[in-house]
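J.: Letter by letter, the chains look like this.
There are 2 protein chains.
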Amino acid sequence: MLVLGLMSGTSVDGIDVSLVRISGAPPNLQIKLLNHTAISFPTAVRKEILRIAEQTPISAGELSQLHSRLGHIYAEAALAACKKFRISPGKVDLIGNHGQTVFHQGPRSERKVGSGEWRVASKVPSTLQIGDGSIVAARTGITTVSDFRPADMALGGNGAPLVPFADYALYRHPKLGRVSLNIGGIANVTVVPASATPGKLFAFDTGPGNMLIDALVSHFTHGRQRFDKNAALAQQGRAIPALLNELLRDPYLRLAPPKSTGREYYGAAYVKKLLVLGKTHHAKPNDLIRTTTIFTALSIVDALNRFVLPKHKIHQLIVSGGGAQNPFLVAQLSALLISVKSNLKSDEWRVVSGEKRQIPRFARNDDSSVMQPIEVLPSSALGVPTDAKESLAFALLAYETFHQRPSNIPSATGARGPAILGKISYAPQR
Amino acid sequence: MLVLGLMSGTSVDGIDVSLVRISGAPPNLQIKLLNHTAISFPTAVRKEILRIAEQTPISAGELSQLHSRLGHIYAEAALAACKKFRISPGKVDLIGNHGQTVFHQGPRSERKVGSGEWRVASKVPSTLQIGDGSIVAARTGITTVSDFRPADMALGGNGAPLVPFADYALYRHPKLGRVSLNIGGIANVTVVPASATPGKLFAFDTGPGNMLIDALVSHFTHGRQRFDKNAALAQQGRAIPALLNELLRDPYLRLAPPKSTGREYYGAAYVKKLLVLGKTHHAKPNDLIRTTTIFTALSIVDALNRFVLPKHKIHQLIVSGGGAQNPFLVAQLSALLISVKSNLKSDEWRVVSGEKRQIPRFARNDDSSVMQPIEVLPSSALGVPTDAKESLAFALLAYETFHQRPSNIPSATGARGPAILGKISYAPQR
Numbered sequence: 210m211l212v213l214g215l216m217s218g219t220s221v222d223g224i225d226v227s228l229v230r231i232s233g234a235p236p237n238l239q240i241k242l243l244n245h246t247a248i249s250f251p252t253a254v255r256k257e258i259l260r261i262a263e264q265t266p267i268s269a270g271e272l273s274q275l276h277s278r279l280g281h282i283y284a285e286a287a288l289a290a291c292k293k294f295r296i297s298p299g300k301v302d303l304i305g306n307h308g309q310t311v312f313h314q315g316p317r318s319e320r321k322v323g324s325g326e327w328r329v330a331s332k333v334p335s336t337l338q339i340g341d342g343s344i345v346a347a348r349t350g351i352t353t354v355s356d357f358r359p360a361d362m363a364l365g366g367n368g369a370p371l372v373p374f375a376d377y378a379l380y381r382h383p384k385l386g387r388v389s390l391n392i393g394g395i396a397n398v399t400v401v402p403a404s405a406t407p408g409k410l411f412a413f414d415t416g417p418g419n420m421l422i423d424a425l426v427s428h429f430t431h432g433r434q435r436f437d438k439n440a441a442l443a444q445q446g447r448a449i450p451a452l453l454n455e456l457l458r459d460p461y462l463r464l465a466p467p468k469s470t471g472r473e474y475y476g477a478a479y480v481k482k483l484l485v486l487g488k489t490h491h492a493k494p495n496d497l498i499r500t501t502t503i504f505t506a507l508s509i510v511d512a513l514n515r516f517v518l519p520k521h522k523i524h525q526l527i528v529s530g531g532g533a534q535n536p537f538l539v540a541q542l543s544a545l546l547i548s549v550k551s552n553l554k555s556d557e558w559r560v561v562s563g564e565k566r567q568i569p570r571f572a573r574n575d576d577s578s579v580m581q582p583i584e585v586l587p588s589s590a591l592g593v594p595t596d597a598k599e600s601l602a603f604a605l606l607a608y609e610t611f612h613q614r615p616s617n618i619p620s621a622t623g624a625r626g627p628a629i630l631g632k633i634s635y636a637p638q639r
Numbered sequence: 210m211l212v213l214g215l216m217s218g219t220s221v222d223g224i225d226v227s228l229v230r231i232s233g234a235p236p237n238l239q240i241k242l243l244n245h246t247a248i249s250f251p252t253a254v255r256k257e258i259l260r261i262a263e264q265t266p267i268s269a270g271e272l273s274q275l276h277s278r279l280g281h282i283y284a285e286a287a288l289a290a291c292k293k294f295r296i297s298p299g300k301v302d303l304i305g306n307h308g309q310t311v312f313h314q315g316p317r318s319e320r321k322v323g324s325g326e327w328r329v330a331s332k333v334p335s336t337l338q339i340g341d342g343s344i345v346a347a348r349t350g351i352t353t354v355s356d357f358r359p360a361d362m363a364l365g366g367n368g369a370p371l372v373p374f375a376d377y378a379l380y381r382h383p384k385l386g387r388v389s390l391n392i393g394g395i396a397n398v399t400v401v402p403a404s405a406t407p408g409k410l411f412a413f414d415t416g417p418g419n420m421l422i423d424a425l426v427s428h429f430t431h432g433r434q435r436f437d438k439n440a441a442l443a444q445q446g447r448a449i450p451a452l453l454n455e456l457l458r459d460p461y462l463r464l465a466p467p468k469s470t471g472r473e474y475y476g477a478a479y480v481k482k483l484l485v486l487g488k489t490h491h492a493k494p495n496d497l498i499r500t501t502t503i504f505t506a507l508s509i510v511d512a513l514n515r516f517v518l519p520k521h522k523i524h525q526l527i528v529s530g531g532g533a534q535n536p537f538l539v540a541q542l543s544a545l546l547i548s549v550k551s552n553l554k555s556d557e558w559r560v561v562s563g564e565k566r567q568i569p570r571f572a573r574n575d576d577s578s579v580m581q582p583i584e585v586l587p588s589s590a591l592g593v594p595t596d597a598k599e600s601l602a603f604a605l606l607a608y609e610t611f612h613q614r615p616s617n618i619p620s621a622t623g624a625r626g627p628a629i630l631g632k633i634s635y636a637p638q639r
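These protein sequences, in sequence, are chains L and C. Residue 639 is where the first sequence ends in our numbering, and the numbering goes up by one at each step. Residue 639 is where the second sequence ends in our numbering, and the numbering goes up by one at each step.
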């Protein structure tokens, strides 16, 4: 089957589209990425999504209309991608459309995370991805799978992460233990032990990806820049360890997986707090951006140290997502992972990459069994461009759902069992 | 196949559940209603639905949580119905769940209806039925079709009415022209000419059903009563023709079909206006309830006179929905339909059933070709209990969608062509 995967993440940059040829069935799926592209959201639409995702009160009608409008926008993105790929939409068999998350609160994020200001009140775990699949199907003439997350959540799962199925299909290796790290708005990891079966996979959101950095850059440039291109701003600042120290108190980091998070937690309220903390610590804008970039890298390595390396032998960290293109973030990751090997004592711990101050709250792993080299690789080194990974994943999940097969990884989401993800909207007859 | 149909209408009373045995394919569908029941919404949930459907501003998270909570409630209703019907859920093949409409604005309602206060601002036609199908499928173990309306709307249709497919399947008669009238929160008619093909059907929302009456009763009884049981209140009031006259100015009545409406239009703002008009005309509560009941009956007969009887020979009006159990409303309908036959001159026109004042704005049809007896029948006379009609219809629509067949009636919805309605959520493997 020829399948289009459409992904638009929590950073609300736009829509990544992958065209993927898929055949077979697990564990023998054949997957070939044929092409990929990215399509921006119109500015007004981006603003409206952010307004709604930040939980600004709106009427049901406003949400309904954005749901519908985004359906049309995704359909147009799919058609524009077909044109760019020089393929007739009539030859595409299926679309997997993630949709735009405007709310996500899994059972675990609700139960344990946050006190006071960071908490979203809730009694029912729920998730909302908007962009109507029926409109995508009708406008493109291509049967569409949408709304992947609630089926897992209905079985007690977090509804996230869902990419681990793709990590399994793409990265499982007979001898190498691998961690797939996607740095989107939120950063998430999938642990794929050597020769793993799906039940052995292990995945969770580590915390912020680009979301906090992007928000600061957008704030300080008054919206002229949306992200720290080539880490130019972070490179000009200096890190403020006392601030980093406070950030590392974030209770999400200590929450045991499976866990997931999003803009409800790392959104406007969090950024406001960051800005207040920055003032308290006399941080200049670029200092705050640099410190937050280091915090982001630390939160990822912290998660590996706490929850992964003590249990699994890992040879490679495969990085994808927009954050893979932030050289300072990737350098920090590499440096921090190297330093894991150095087995420093707790009170000797220092951030190695030029920040010479102690960061006592950073979780380390002193067990000598983890003294192994971890190679940091972009996913492109394994044939998946860093910016196509997630859209490819949703093509794959749609393919599985179309064949009525489950594709959640219960060990990653915490679900009680396998779920057939998403809802199928059949295209009108051609 | 054994199919459960779940319907919860704009009056937000609760969930009607039908168990239907269906086999074959159009035009030879075999349909047998095996059982039906109704399950109330918990009061807190009903209030929350009404709050959201009245377009009170809420966060995306609140809507997401109600979407999820309603998914669980529909699932529990399906399971409770199975228990009541003494059938194992494992023997049910499919669920069709309409969901709860919290917003609906078709292309036609947007383009033409209302000025100023009655208008909901919109640029994109959209509709939102909440109650997550994935949760229903997961909790019941039964594959579920949900969210039927947007696929039709994506083809330029109003996304409503959708019941005409069932009217076609149930009521098409080789010799009798029939109108199926469902009086739910909104009233709608489907015209099924004798020996019609689907393309000859014709359907639209005539205007208010029970919605205005229920709102007044609830208002005047401070919520102690939700509807005018046996028309006890209307029977105690007297009609106020000048007020009726003003109500009949409602521009929706003159809007040519296809057209659809809902709580966005006949909701809180409309009722507020009704209450103000009532005061202006010194109407006591029961006077206002009686006058509004007559307005409701008039709006239905007005629609038949304007848009149906001039074009089609109709022998029977088959009434279903909660309004079929309001004896004063049904008596008014019968009386008004009889009076159509009497070919009175325009200035002689009077409401016949005890209200002896002139109602000049009421549309009549003086064409002698419509001088025919129209028999008013409850749908139960044709084997479909008046309160099971709509839930049966959504069982039937789900059956068609499951078989990848279209089931909108473009001549009813205004869509450009056939649409496969709804989204399929597969149950986890049993």
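Rather than coming from a laboratory, the hints here were simulated on the basis of the structure. All figures in this text were calculated on a predicted structure; none of them were measured in a lab. Heads up, a few of these hints could be off.
Heads up, the list lumps identical chains together, so a pair's fine if it works in one copy or across two of them.
What the hints assert, rightly or not - Derived SDA-like pairs (lysine to any residue); straight-line CA-CA distance at most 20 Å: (1) Lys256 <-> Ser268; (2) Lys409 <-> Asp496; (3) Lys256 <-> Pro402; (4) Lys241 <-> Gly350; (5) Lys256 <-> Val333; (6) Lys482 <-> Leu259; (7) Lys241 <-> Pro594; (8) Lys520 <-> Pro619; (9) Lys384 <-> His524; (10) Lys256 <-> Pro266.
J.: For every hint, state whether the structure bears it out.
T.: How the hints compare with the structure:
Taking the shortest Cα distances, lysine 256 and serine 268 sit within 20 Å of each other both inside one copy (17 Å) and across copies (16 Å). Taking CA atoms no more than 20 Å apart as the test, lysine 409 paired with aspartate 496 passes in neither setting, with 41 Å inside one copy and 71 Å between copies. For a Cα distance limit of 20 Å, the shortest separation of lysine 256 from proline 402 qualifies neither inside one copy, at 40 Å, nor across copies, at 50 Å. Taking the closest pair of Cα atoms, lysine 241 and glycine 350 never come within 20 Å of each other, the shortest separation being 23 Å inside a single copy and 34 Å across copies.
In this homomeric assembly, lysine 256 and valine 333 come within 20 Å of each other (Cα to Cα) only across copies, at 17 Å, whereas the closest approach inside a single copy is 27 Å. Taking the shortest Cα distances, lysine 482 and leucine 259 sit within 20 Å of each other inside one copy (18 Å), while across copies they are farther apart (36 Å). In this homomeric assembly, lysine 241 and proline 594 come within 20 Å of each other (Cα to Cα) only inside a single copy, at 12 Å, whereas the closest approach across copies is 55 Å. Proximity of lysine 520 and proline 619 under a CA criterion of 20 Å is satisfied intra-copy only: 18 Å inside one chain copy versus 60 Å between copies.
In this homomeric assembly, lysine 384 and histidine 524 come within 20 Å of each other (Cα to Cα) only inside a single copy, at 9 Å, whereas the closest approach across copies is 78 Å. For a Cα distance limit of 20 Å, the shortest separation of lysine 256 from proline 266 qualifies both inside one copy, at 14 Å, and across copies, at 18 Å.
This entry does not satisfy hints 2, 3 and 4, going by the numbered hints stated previously.
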